[in-house]
Amino acid sequence: EDKVVQSPLSLVVHEGDTVTLNCSYEVTNFRSLLWYKQEKKAPTFLFMLTSSGIEKKSGRLSSILDKKELSSILNITATQTGDSAIYLCASNSGTYKYIFGTGTRLKVLA
Amino acid sequence: EADIYQTPRYLVIGTGKKITLECSQTMGHDKMYWYQQDPGMELHLIHYSYGVNSTEKGDLSSESTVSRIRTEHFPLTLESARPSHTSQYLCASSEYKGQAVHSGANVLTFGAGSRLTVL
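Residue numbers (my numbering), protein chains in the order written: chain V, 1075 to 1184; chain G, 510 to 628.
Mixed in with the good hints there might be a few duds.
Below are the DSS-like pairs computed for lysine-lysine, each with C-alpha atoms no more than 25 Å apart in a straight line [said to hold, decoys possible]:
(1) G/Lys540 to G/Lys566
(2) V/Lys1171 to G/Lys527
(3) V/Lys1142 to V/Lys1130
(4) G/Lys526 to V/Lys1171
(5) V/Lys1141 to V/Lys1171
(6) G/Lys527 to G/Lys566
(7) V/Lys1171 to V/Lys1111
(8) V/Lys1171 to V/Lys1181
(9) V/Lys1181 to V/Lys1141
(10) V/Lys1077 to G/Lys526
(11) V/Lys1142 to V/Lys1181
(12) V/Lys1077 to G/Lys527
(13) V/Lys1142 to V/Lys1115
(14) V/Lys1111 to G/Lys527
(15) V/Lys1131 to V/Lys1115
(16) V/Lys1115 to V/Lys1141
(17) V/Lys1077 to G/Lys540
(18) G/Lys566 to G/Lys526
Part of the chain V face toward chain G, derived, beta carbon under 7 Å [what the hints assert, rightly or not]:
(19) Ala1116
(20) Lys1141
(21) Ser1167
(22) Gly1168
(23) Phe1174
Calculated from the model, a selection of chain G residues having no Cβ within reach of chain V, i.e. all distances over 12 Å [said to hold, decoys possible]:
(24) Pro517
(25) Glu565
(26) Asn615
Note that these hints are calculated values from the structure, not bench results. Beta carbons are placed, not taken as given, at the ideal position from N, Cα and C, and that holds for glycine.
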């Protein structure tokens, strides 16, 4: 059965800290891995990763995929209170097939 | 700025009522989806559509039904709501284009969600 596992489930840090969120996947016909940020509204798209070893970067956020280890990490440097959210990881393995993890709940304290 | 809209955002109703959750997107996406999300749990696909007049059930069994009469509109209906239907319902769309995995066409765009409480 396809599955995506995220760790840690929750994390509390202070502003300025760097965090690393993990996502591992076991899916057939893997095509891409996606990261989303979910606050009290729509999950918003962060990154889509298809190639191993190529880092994607947007401001203080970056992500990389390791196809050999079937995993991905999301890094956030110099965290801010506005980074507090649930971070979702999902694998795409076909036209409609997206498998989501349970998410990592990040709380950044001022 | 969201291009996919869900209404209502919050709904509290009594058992046995019929409800329709609305979802509309202005991006011209072919594919639309309904996910159910409970606190601390994964998003589970309950319905999806490849295009007009095409609807399929997802991986999670659901007593809801959907329709796709227009490209931009994908409403979800519960004929008789029960407390077990209490959940957050997320609508999404994508513009999947065959093998164009690298084009970003597989990215799901989500609506803000409809939080349903059935008493």
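Comparing the hints with the structure gives:
1. Of the supplied pair hints, the one linking G/Lys540 and G/Lys566 holds, its CA atoms being roughly 13 Å apart against a limit of 25 Å.
2. At most 25 Å may separate the alpha-carbon atoms for a hinted pair to count; V/Lys1171 and G/Lys527 exceed this at roughly 29 Å.
3. Using a Cα cut-off of 25 Å, the hinted pair V/Lys1142 and V/Lys1130 holds, with the two alpha carbons roughly 18 Å apart.
4. With a C-alpha separation of about 31 Å, the suggested pair G/Lys526 and V/Lys1171 falls outside the 25 Å cut-off, and the hint is violated.
5. A threshold of 25 Å between alpha carbons decides the hint, and for V/Lys1141 with V/Lys1171 the separation of about 19 Å falls inside it, so the pair holds.
6. Distance check on the hinted pair: G/Lys527 and G/Lys566 sit about 20 Å apart at the alpha-carbon level, within 25 Å; holds.
7. Between V/Lys1171 and V/Lys1111, the direct Cα distance comes to roughly 19 Å. Compliance with the 25 Å bound is thereby established for this hinted pair.
8. This hinted pair does not check out: V/Lys1171 and V/Lys1181 have alpha carbons roughly 30 Å apart, beyond 25 Å.
9. Restraint check: the Cα-Cα separation between V/Lys1181 and V/Lys1141 comes to about 29 Å, which exceeds 25 Å; the hinted pair is violated.
10. Between V/Lys1077 and G/Lys526, the direct Cα distance comes to roughly 35 Å. Violation of the 25 Å bound is thereby established for this hinted pair.
11. The hinted pair formed by V/Lys1142 and V/Lys1181 fails the criterion: a straight-line CA distance of about 31 Å is larger than 25 Å.
12. Taken as a hint, the V/Lys1077 and G/Lys527 pair is broken in the structure, with Cα atoms around 34 Å apart against an allowance of 25 Å.
13. As the CA atoms of V/Lys1142 and V/Lys1115 are separated by approximately 34 Å, the hinted pair breaks the 25 Å bound.
14. Annotation: proposed proximity of V/Lys1111 to G/Lys527 is violated, straight-line Cα distance about 32 Å (limit 25 Å).
15. A C-alpha spacing of about 23 Å is found between V/Lys1131 and V/Lys1115, which places the hinted pair at or below 25 Å, so the restraint holds.
16. The hinted pair formed by V/Lys1115 and V/Lys1141 fails the criterion: a straight-line CA distance of about 31 Å is larger than 25 Å.
17. The straight-line distance between the Cα atoms of V/Lys1077 and G/Lys540 is roughly 22 Å, inside the 25 Å bound, and the hint therefore holds.
18. Restraint check for G/Lys566 and G/Lys526: satisfied, since their Cα atoms lie roughly 22 Å apart, inside the 25 Å limit.
19. Because the smallest distance between the Cβ of V/Ala1116 and any Cβ of chain G comes to about 4 Å, under 7 Å, the interface hint for this residue holds.
20. Hint on V/Lys1141 is violated. Least Cβ distance to chain G is approximately 13 Å, over the 7 Å limit.
21. Given hint, V/Ser1167 at the interface with chain G, is violated; its Cβ is 10 Å from that chain's nearest Cβ, farther than 7 Å.
22. Residue-level restraint check for V/Gly1168 is violated (minimum Cβ-Cβ distance to chain G is 9 Å; threshold 7 Å).
23. For the restraint placing V/Phe1174 at the interface with chain G, the shortest Cβ-Cβ distance is roughly 4 Å, inside the 7 Å limit, so the hint holds.
24. Every CB of chain V lies more than 12 Å from the CB of G/Pro517, the least distance being 14 Å, so the non-interface label holds.
25. Residue-level check failed: G/Glu565 sits 8 Å from the nearest beta carbon of chain V, not beyond 12 Å.
26. The claim that G/Asn615 is not at the interface with chain V is violated, since a C-beta of that chain comes within 12 Å of its own (minimum 5 Å).
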